[in-house]
Amino acid sequence: MATVLEKSTKERLLSVVDDLEVLSRELIEMLALSRSQKLPQPGEDTQVPRCAVILELLVQRDREFLQLMEVAQQQGKVHQEMQLLEKEVEKRDSDIQQLQKQLKEAEHILATAVYQAKEKLKSIDKARKGSISSEEIIKYAHRISASNAVCAPLNWVPGDPRRPYPTDLEMRSGMLGHMANLPTNGVNGHLPGDALAAGRLPDVLTPHYPWQSSDVSVGMLPPHHGNDFGLEPPGHNKENEDDVEAMSTDSSSSSSDSD
Amino acid sequence: TGGMSESVEQARNRFQSELEFIQCLANPNYLNFLAQRGFLRERSFINYLKYLLYWKEPEYAKFLKYPHCLHMLELLQYEHFRKELVNAQCTKFIDEQQLLHWQHYSRKRTRLQQALAEQQPPQQQQAPPHANAAAK
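Chains as they are written, first to last, in the numbering used here: chain A, -18 to 240; chain B, 5 to 140.
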């Protein structure tokens, strides 16, 4: 095996060819010289061994040359194999790259699928949390419709005291109203049309309206708060005298009013 | 009074009064009253209004007979709305619109029934008793 320190085959071949050239030139020169010159015998004696040496060297160099040529041939074969293998390697490389691309695509698709699945699970959870029995919904729907709280009665005409909100009368007859200790001859309801009803019923006997629902809500407690508002809800205690008169005067009669 | 705990009785009363109060908010005239008294400008009252949002939860909302109050409560969270309520014309407008909306479904139903009645031949025409029964 050629190591880095040795000369490359090409160099060696070339140097051998150079040697051959030099040697053969010398030989030819010597022969030419000996032919042209009629040298005395002692001269010939010294030249013959010299020729023999050159010839030997020549033969040697030739042998070397042939050996080197064989080596070169083998090296050429090896080189060819190397090229074939390189091509194989290239092919494998491109295969790997292709697989890499596909893997990446698959990963992307899976990630999307997982994400969407998670979103679905989230919305399922959300829906589950907000689920209410249909019975309760129907009950509640009946409650707010039957009392005309969300849908006007079919025979409603302007002048009808009924409203989608608690009227003055209802407000005063509730717990908040009673907390205020109102004078019994308070001002009438918010509509002149309500005067009849208000006149007939002294505050003490005012009916308990269902919107205050103490029966339904027994046991129900409000969320705790640390009294950080610092203010009692209006309609309470000291405010109430103003409450009573102001409401009837400020609440400029709604458009449906009739005197 | 920050850490004071209330008795169950007190809590029940508080529930009752808060239930009443929040439904009063459905009354635009009452809102006008509150605005003109300056309650809607007080920080503690504004905080209280925010606290009342718990009535939106189903377990509390089911006690509300006048659900319009929830919409009003949501609007009350906005300063712009609270400012406008001082104006009596504004609350009058709200009242009118509220009543119109309230009448919307009955009007729609009446129209439907009329249309149905016109389509069908007189013998098969049915009086709409179920509508009135449900309304009552």
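Keep in mind the hints are simulated off the structure, nothing from the lab. Please note that the accuracy of each hint is not assured.
Only pairs whose alpha carbons sit at most 30 angstroms apart, straight line, appear in this in silico DSSO-like list of lysine-lysine [stated by the list, open to error]:
1) LYS107(A) x LYS60(B)
2) LYS60(B) x LYS110(A)
3) LYS82(A) x LYS99(A)
4) LYS120(A) x LYS66(B)
5) LYS110(A) x LYS99(A)
6) LYS103(A) x LYS112(B)
7) LYS120(A) x LYS54(B)
8) LYS87(B) x LYS120(A)
9) LYS87(B) x LYS103(A)
10) LYS96(B) x LYS103(A)
11) LYS107(A) x LYS120(A)
12) LYS99(A) x LYS60(B)
13) LYS54(B) x LYS107(A)
14) LYS58(A) x LYS68(A)
15) LYS60(B) x LYS101(A)
16) LYS112(B) x LYS107(A)
17) LYS101(A) x LYS85(A)
18) LYS112(B) x LYS120(A)
19) LYS101(A) x LYS66(B)
20) LYS96(B) x LYS110(A)
21) LYS(-12)(A) x LYS68(A)
22) LYS54(B) x LYS112(B)
23) LYS110(A) x LYS112(B)
24) LYS120(A) x LYS99(A)
25) LYS96(B) x LYS60(B)
Stretch-level coverage of chain B by chain A, calculated; a stretch enters the list once three of its residues show a Cβ under 8 angstroms from a Cβ in chain A [said to hold, decoys possible]:
26) 9 to 20
27) 23 to 37
28) 65 to 71
29) 109 to 119
To give a feel for the contact side, a few chain B residues facing chain A, derived at Cβ under 7 angstroms [claimed, not checked]:
30) TYR58
31) PRO62
32) PHE97
For every residue, glycine included, the Cβ atom is placed at its ideal position computed from N, Cα and C.
Hint check:
1. LYS107(A) x LYS60(B): With Cα atoms ~16 angstroms apart, LYS107(A) and LYS60(B) stay inside 30 angstroms; holds.
2. LYS60(B) x LYS110(A): holds, 15 angstroms
3. LYS82(A) x LYS99(A): holds, 26 angstroms
4. LYS120(A) x LYS66(B): holds, 9 angstroms
5. LYS110(A) x LYS99(A): holds, 17 angstroms
6. LYS103(A) x LYS112(B): violated, 38 angstroms
7. LYS120(A) x LYS54(B): Roughly 28 angstroms between the alpha carbons, so the hint for LYS120(A) and LYS54(B) holds.
8. LYS87(B) x LYS120(A): Outside the cut-off at roughly 37 angstroms; violated.
9. LYS87(B) x LYS103(A): This hinted pair is violated, its Cα atoms lying about 39 angstroms apart.
10. LYS96(B) x LYS103(A): violated, 44 angstroms
11. LYS107(A) x LYS120(A): holds, 23 angstroms
12. LYS99(A) x LYS60(B): Roughly 28 angstroms between the alpha carbons, so the hint for LYS99(A) and LYS60(B) holds.
13. LYS54(B) x LYS107(A): holds, 24 angstroms
14. LYS58(A) x LYS68(A): holds, 16 angstroms
15. LYS60(B) x LYS101(A): holds, 25 angstroms
16. LYS112(B) x LYS107(A): violated, 34 angstroms
17. LYS101(A) x LYS85(A): With Cα atoms ~24 angstroms apart, LYS101(A) and LYS85(A) stay inside 30 angstroms; holds.
18. LYS112(B) x LYS120(A): holds, 23 angstroms
19. LYS101(A) x LYS66(B): This hinted pair holds, its Cα atoms lying about 29 angstroms apart.
20. LYS96(B) x LYS110(A): violated, 39 angstroms
21. LYS(-12)(A) x LYS68(A): Within the cut-off at roughly 29 angstroms; holds.
22. LYS54(B) x LYS112(B): violated, 35 angstroms
23. LYS110(A) x LYS112(B): violated, 34 angstroms
24. LYS120(A) x LYS99(A): Violated, at roughly 35 angstroms.
25. LYS96(B) x LYS60(B): holds, 26 angstroms
26. 9 to 20: With 7 residues closer than 8 angstroms to chain A, the region 9 to 20 of chain B meets the three-residue bar; holds.
27. 23 to 37: As far as the region 23 to 37 of chain B goes, the hint holds, because 12 residues have Cβ atoms under 8 angstroms from chain A.
28. 65 to 71: holds (count 6)
29. 109 to 119: Since 4 is at least three, the answer is holds.
30. TYR58: holds, 5 angstroms
31. PRO62: Check passed: Cβ of PRO62(B) comes within 6 angstroms of chain A, closer than 7 angstroms.
32. PHE97: violated, 9 angstroms
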